Amino acid sequence: MTASETRAPVAPVVAPSTARVLRHTLFDRIYHWLMAASVLTLMGTAFLPIAGFKFEWLSLHWMTGVVLAVLVLVHIVRALIWQDWRAMIPDGADIRDGFRKAKAALGGGGLVAGKPGKYKIAQKLYHLAAALLVLSIIASGLLMLLKIDTPFWKRNPYWFDSDTWGIIYSVHGFASLAMITLVMIHIYFALRPDEWWLTRSMFGGTVSRDEYVEHCDTSRWRPEDRS
Amino acid sequence: MELFRYATSIYGDSKVVIGASWDLLPWFVAAGAAFIIVHAAVKAITGRRGHAH
Chain Y
1 MTASETRAPV
11 APVVAPSTAR
21 VLRHTLFDRI
31 YHWLMAASVL
41 TLMGTAFLPI
51 AGFKFEWLSL
61 HWMTGVVLAV
71 LVLVHIVRAL
81 IWQDWRAMIP
91 DGADIRDGFR
101 KAKAALGGGG
111 LVAGKPGKYK
121 IAQKLYHLAA
131 ALLVLSIIAS
141 GLLMLLKIDT
151 PFWKRNPYWF
161 DSDTWGIIYS
171 VHGFASLAMI
181 TLVMIHIYFA
191 LRPDEWWLTR
201 SMFGGTVSRD
211 EYVEHCDTSR
221 WRPEDRS
Chain P
1 MELFRYATSI
11 YGDSKVVIGA
21 SWDLLPWFVA
31 AGAAFIIVHA
41 AVKAITGRRG
51 HAH
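Residue numbers (the numbering used here), protein chains in the order written: chain Y, 1 to 227; chain P, 1 to 53.
No wet-lab data here; the hints were simulated from the structure.
Here the structure is a predicted model, which is why all the values come from computation and not from measurement.
Hints are supplied without guarantee of correctness; some may be wrong.
As the list claims (entries may be wrong) - Straight-line C-alpha distance at most 30 Å; calculated DSBU-like pairs for lysine-lysine:
| # | chain 1 | residue 1 | chain 2 | residue 2 |
| --- | --- | --- | --- | --- |
| 1 | P | K15 | Y | K115 |
| 2 | Y | K103 | Y | K118 |
| 3 | Y | K154 | P | K43 |
| 4 | P | K43 | Y | K103 |
| 5 | Y | K120 | Y | K103 |
| 6 | Y | K118 | P | K15 |
| 7 | Y | K103 | Y | K115 |
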C-alpha cells in the first residue's frame with residue numbers, strides 16, 4: 001500500500017472560474033451610454049423648466065432629440081441586420097417561466113421556472129415599452145421641429161391644423177411623462193445588488209462564466225468566450 | 001386635475017387641446033416610486049421565505 005492510498009480523501013479545491021463571456025460589445029455599450037446621456041438631457045431640458053428651473057432649454061432639447069433619433073435609427077438598422085433581434089422578443093418559454101415565477105412569488109408553488117437566455121422576460125417587456133415610448137417621442141418630436149426655426153429650416157406651423165398639433169403634442173407629452181417612470185425603474189434595477197452582474201457588464205462588456213452559468217440557460221444563449 | 005392643456009381657438013369660440021397636462025408629472029414619478037417600493041418589498045419577503053426553507 002503506498003502513502004497516497006492510505007491518505008484520507010481530500011475534497012478537490014475548485015478555483016473560481018476566471019473565464020469571461022462577452023455580453024455587450026463595445027459598440028453596444030457606447031450606444032447604451034450615449035442613449036442614456038441623450039434621454040437624461042432630454043428629460044432635464046423638458047421637465048426642469050416645468051419644475052421651476054428656468055433656462056434656455058429649447059435649443060439643447062431639439063438638438064439632443066435629433067441626436068437620439070440618429071442613435072435609435074443606427075440601433076434599429078444594426079439590430080435588424082447584424083444582431084439577433086429575436087433575442088429581444090418574448091417567446092413561449094419566457095411566458096411560461098414568467099407565469100411560474102409569478103406563481104412562486106405569490107406562494108403558489110408549482111413547477112420551477114427555467115433560466116432565461118440572454119435576456120429575462122422582464123427585460124424584454126421593458127425594452128418593448130421603452131421602444132414604443134421612444135419611437136412615439138421621436139416621431140412626434142421630429143414633427144414638432146416644424147414649429148421652430150433652426151439653422152437648417154424655417155418654421156412652418158401650417159403643416160397641420162390645431163387639432164392635429166394637439167394630438168402630436170399630447171403624444172409627445174404623455175410618452176415623455178411615461179419615460180420618467182421607466183427610467184426610474186431602469187435605474188432601480190441597475191442599482192439592485194442582485195442585478196450588479198448585469199450592470200457591470202454594461203461597463204466592462206463581459207460577465208464571468210460562473211455568472212453566465214448561474215443566471216442563464218446556456219442552451220438558449222451561447223455567447224462568445226472571452227477567457 | 002386635467003389630463004390635457006387647453007388653449008382658446010383662434011376664432012375664440014372653443015377650447016383646443018395643446019398637449020398633455022404637466023400636472024400629471026408627480027403622478028408618473030409616484031408610479032415609478034410605487035413600483036420600486038412594491039418590487040423591493042416582494043423581493044425582501046420572497047427572499048426571506050427562501051432562506052427559511
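To see whether the hints hold, each was checked on the structure:
1. Restraint check for P/K15 and Y/K115: not satisfied, since their Cα atoms lie roughly 54 Å apart, outside the 30 Å limit.
2. Distance restraint check for Y/K103 and Y/K118: the Cα-Cα separation of roughly 23 Å lies within the 30 Å cut-off, and the hinted pair is therefore satisfied.
3. A C-alpha spacing of about 53 Å is found between Y/K154 and P/K43, which places the hinted pair above 30 Å, so the restraint is violated.
4. With a CA separation close to 14 Å, the supplied pair P/K43 and Y/K103 stays within the 30 Å bound.
5. Our distance criterion of 30 Å between C-alpha atoms is met by Y/K120 and Y/K103, whose separation comes to about 16 Å.
6. The straight-line distance between the Cα atoms of Y/K118 and P/K15 is roughly 50 Å, outside the 30 Å bound, and the hint therefore fails.
7. Distance check on the hinted pair: Y/K103 and Y/K115 sit about 15 Å apart at the alpha-carbon level, within 30 Å; holds.
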